[in-house]
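Q: Heads up: the sequence lines are chains A and B, in that order.
Those letters in the first sequence? Residues 8 to 266, by our numbering.
Those letters in the second sequence? Residues 798 to 1540, by our numbering.
Hints are computed from structural coordinates only; laboratory data are not their basis.
Predicted model only: the values in this text are computed from it and were never measured.
Even for Gly, the Cβ is constructed at its ideal location relative to N, Cα and C.
Wrong hints could be hidden among the right ones.
Chain A regions said to be covered by chain B (calculated; three or more residues, Cβ under 8 Å) [what the hints assert, rightly or not]:
(1) 85-99
(2) 116-126
Derived CB-CB ranges, DEER-like [said to hold, decoys possible]:
(3) A:LYS50 <-> B:GLY1101: 32 to 42 Å
(4) B:GLU1523 <-> A:PRO226: 31 to 41 Å
(5) A:ALA76 <-> B:ASP1359: 44 to 54 Å
(6) B:THR1249 <-> A:ASP15: 22 to 32 Å
(7) A:ALA175 <-> B:HIS943: 40 to 50 Å
(8) B:ALA1122 <-> A:GLY56: 35 to 45 Å
Here are some of the chain A residues that sit facing chain B, going by a computed Cβ distance under 10 Å [what the hints assert, rightly or not]:
(9) PRO24
(10) SER26
(11) PHE66
(12) HIS158
(13) PRO167
(14) LEU170
(15) GLU221
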Amino acid sequence: MSPRSREDVQVGVVVFPGSCDDHDAYHALAHVLGVRARFVWHKEESLEGLDAVMLPGGFSYGDYLRCGAMAKFSPVMKAVRRFAEAGGYVLGTCNGFQILCESGLLPGALIRNRSLRFLCEPRQALRVERSDTPWTSRTEKGRVLRIPIKHGEGCYYADPATLEALQAKGQILLRYSTPDGRVSEDANPNGSLLHIAGIMNPRGNVFGLMPHPEHAVEPGLGGEDGRRILDALIDTLLAAPARPTPGRAPQAASPSAPR
Amino acid sequence: MTHLASSSEITPEVVARHGLSPAEYERILQILGRAPNLVELGIFSVMWSEHCSYKSSRVHLRKFPTKGPRVLQGPGENAGVLDIGDGFAVVFKMESHNHPSFIEPYQGAATGVGGILRDVFTMGARPIASLDSLRFGRLDDPRQRHLVDGVVRGIGGYGNSFGCPTVGGETAFHPCYDGNILVNAFNLGLLRADRIFRAVAAGVGNPVIYVGSRTGRDGIHGATMASEEFSETSEEKRPTVQVGDPFTEKLLLEACLEVMKGDLIVGIQDMGAAGLTSSSLEMASRGGVGIEIDLSRVPLREEGMTPYEIMLSESQERMLIVARAGRERDVEAIFRKWDLQVEVVGRVTDDGLLRLLHAGKVVGEIPVKPLAEEAPVYERPMTRPAWQDEIQALDPDGIPVPEDLGRTLVDLIGSPGLASKAWVYRQYDSVVRSNTLEGPGGDAAVIRIKDTRKAIALSVDCNHRYCYLDPRLGAALAVAEAARNVSCAGALPLAITDCLNFGNPERPEIMWQFAECVEGIAEACRALDTPVVSGNVSFYNETKGRGIFPTPIVAMVGLIEDATAFAAPFFRSEGDLVALLGEAPGELGASEYLAALHGIERGRPAPLDWAREKAVQAACRAGIAARLFRSAHDCADGGFAVALAECCVGGPEAIIGAEVELPRGSRADALLFGEAPSRIIVSFDPSDRERAERIAREAGAPFEVIGRVGGDRLRIGDWIDLPIGEIRGAWREGLSRALREGG
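Just chain A, same shape as in the assembly (with noise of 0.2 Å):
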């Protein structure tokens, strides 16, 4: 059964060890939007009862070997992978992204940016490129958004052949650009190929990005450009036919027992 309110919505906030912004995203979904979140700790199996799952910012695992490297293999993660399998709305930020990325669950890979600096935006300016997407449906095409990033390895990397097909299928929902909504070199942070700052997987029921939505949705506090995102989730969850069932997954995808 879907949600009918926002006070019945159930997103999950997976919390690796070593997320940082979990708390944030806790904060941003329960106290400010106005719906049910819950931490969910990278040992747990099952997502039953969740309508979304966020992963977080942060630094998994310390980032040690690699950017998401370590977090894929966590038990939370085949969780996630049948969540996402099933329909489910599943949303990577920053780290987030990057576990997606190294997960498969969206293509290509954050590497370290063009500077080889850490670097904290605050007022990151993002162009909206489709409005017509669960993510994007509070915003227009060609909108700018002003929503923070920060992080070391934001460089979205891709082979060819991907970029190309991340370009057909439009799953490219935002760019880096100017505060004019241009997109040049000057105005890409941190060198991801076509300014990439966050794409969604071709179904549309994962959506990673580099800036952070959570960070942005009082005002005063990074303005709330990031409401917009998160508003558009919660909206597409209300309209939702149905909850996700990822418990009754196939059994071969499914070595958990649901609770």
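With the hints as your guide, set chain B onto chain A.
A: Relative to the frame of chain A, chain B by itself:
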């Protein structure tokens, strides 16, 4: 116990190598009633090092005012604690990591941040805001650029990964830091006022539990290194620098906060300088008890570590806990959940001894109380330097007024010391935890306190040139500026923490500088009613007999009752009026202008009038609370003209010009670039002019409308008339250009 008496290994050379004087060794013999073994000697050595014992500074630090109605914990604990109302308290402290950062900048700075974070969360608080105060030498030296790069990466690398925002700080440059850079790290945490944890051992029989990372051979004798001058061989001390692991620290934070929620533990202390030695001794000493530790049970990173190495290791991310008897399993379960080491290593005893066991044998036994209470305290000789009078003398008549004062402004604002520090702070996560109302780049950072209407304002300040020219006044000015900065955000200054960086205290001139600075801070804190609640002293910032300028860094914490009413330094709207709170005097002495453009570091800082200072700050706060002042900016380094230019170009978005007139009187360069305290530039809507004047009058602060915001040029009288873009460019690019970095 026979081996305890076997002391043939303790020769005078061994004693000297441990940094202990013959007199100090005599005292050890008296306390023990016998000769120490090597383990015990090592323990005395670190506990009586300058770094841990404050033996040269203690008699002076007593002069600080440390009490006040909001002070829940003053100096002497891991950090100070202030009541901010609504059931909340803030915990804060600042510490130096100068010596390690010079030897190995990334790890030195990173572990400096790690150490101060542990000091704060040891008390039960979640760290919510960091600041850093940095001093480097001349940037034309590639070594210095390497140090800047490493230190900034280290601070970011640790703080970002840990998940505590770095919301402000300061970075300055001077040749006196060529051989001794300063890396001072501040952190503030938030907790419930009735849930403060202290570093105390109590309850005979209670278990002593080791948690966190394993113990390795890193950092052995770090505290002793920090208590010596540098020489050519300091590079060889790289192994005494610890290696940080912010990921483990983050787990340690979450596990500690979780363990503190239940009624499981009696006391907790982080293992910082001098590691297991200081944590066990300090807890036992505060509790008036003994502690027995079996070193065989300490989790080790490598095999074959000796008791000496285990006790003196400064491996990071470790804590010592005294738990309630019977709750060991609950404590263990929480730390295991977070994949951390947890091991019961000992117990609290009633014999007042620190007893160390290893492989079934007693390897050390020291009476706790005498070790702490009979630690050496020195009243070191002090002498006012013979050259002090000479450097205070300044004859302005010999200094030419530049013909192109606009050029002078551009040169000044583009110099590394005054230019934008965005290159530094953009490498720090300033927004994580969703509390940052004002991040780096302003006079003060503003951090909201969730679940209340309040916010905290933070500023860290010190003008090292003032302190060199007049240590007492310079230190007082540091406190005044820090208070003014938080007032510019609209906050009432509450209390300070300090980090006192000086040269070799065994030199009477250095000791005089130290004593003078302490007096200056004490005087300022009494005048402003802002007690000192925590702090740190770093001596021996000296290389080959050349010491740094006295550099007492002051961090002020202020409170904003209504978090929706605060101000930033930057002009906001065309047509707003610009006013100066305070007067525009023409003092050239000790100014950045004289140093940067004329190469003159002489004269005295302008004097402080406390009544004036307090009135100006009060007027500023009142105007912000009444939502009249749309911007407020302190006039500091570079004087009025630089401050005004920063109001125009410093904001994150649109830049905006201004036109102002200054009353004539003294020479133009002194009016524009002279530095005097107690001055704040404010802006407000023209319709609020009368109300603004009334607020200033009621506070007793001089107030004069001097111009208007607007246009794309900055004009000051007929001296300066420049396109705002030119100033912005110089200000933005100054530091990265000096560092030879692109953009």
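Q: Each hint needs a verdict: does it hold in this structure or not?
A: Status of the hints after comparison with the structure:
Under a criterion of three residues with beta carbons nearer than 8 Å to beta carbons of chain B, the stated coverage of the stretch 85-99 of chain A fails, only 0 such residues being counted. Three residues within the 8 Å Cβ limit are the bar, and the stretch 116-126 of chain A against chain B gives 3, so the coverage statement holds. One distance hint, 32 to 42 Å for the beta-carbon pair LYS50 of chain A and GLY1101 of chain B, holds here, with the actual separation near 35 Å. GLU1523 of chain B and PRO226 of chain A have their C-beta atoms about 33 Å apart, which keeps the hinted 31 to 41 Å range intact.
Taken as a hint, the range 44 to 54 Å holds for the pair ALA76 of chain A and ASP1359 of chain B, whose Cβ atoms sit roughly 46 Å apart. Between THR1249 of chain B and ASP15 of chain A the beta carbons are some 30 Å apart, a value that agrees with the proposed interval 22 to 32 Å. Between ALA175 of chain A and HIS943 of chain B the beta carbon distance is about 46 Å. The supplied range of 40 to 50 Å therefore holds. Take ALA1122 of chain B and GLY56 of chain A: their Cβ atoms lie about 41 Å apart, and the range 35 to 45 Å holds.
Annotation: PRO24 of chain A was flagged as interfacial toward chain B, and the flag holds, the nearest CB pair being 6 Å apart, inside 10 Å. Of the supplied interface hints, the one on SER26 of chain A holds, with its beta-carbon coming within about 8 Å of a beta-carbon of chain B, less than 10 Å. For PHE66 of chain A, the interface hint holds, since its Cβ comes within 10 Å of a Cβ in chain B; the closest pair sits about 4 Å apart. With its C-beta approaching chain B no nearer than about 9 Å, HIS158 of chain A sits inside the 10 Å limit, and its interface hint holds.
Nearest Cβ of chain B to the Cβ of PRO167 of chain A: about 28 Å, over the 10 Å cut. The hint is violated. With its C-beta approaching chain B no nearer than about 26 Å, LEU170 of chain A sits outside the 10 Å limit, and its interface hint is violated. At about 8 Å, the closest approach between the beta carbon of GLU221 of chain A and any beta carbon in chain B falls short of 10 Å, and the interface hint on this residue holds.
Checked against the numbered hints given earlier, the structure breaks hints 1, 13 and 14 and satisfies all the rest.
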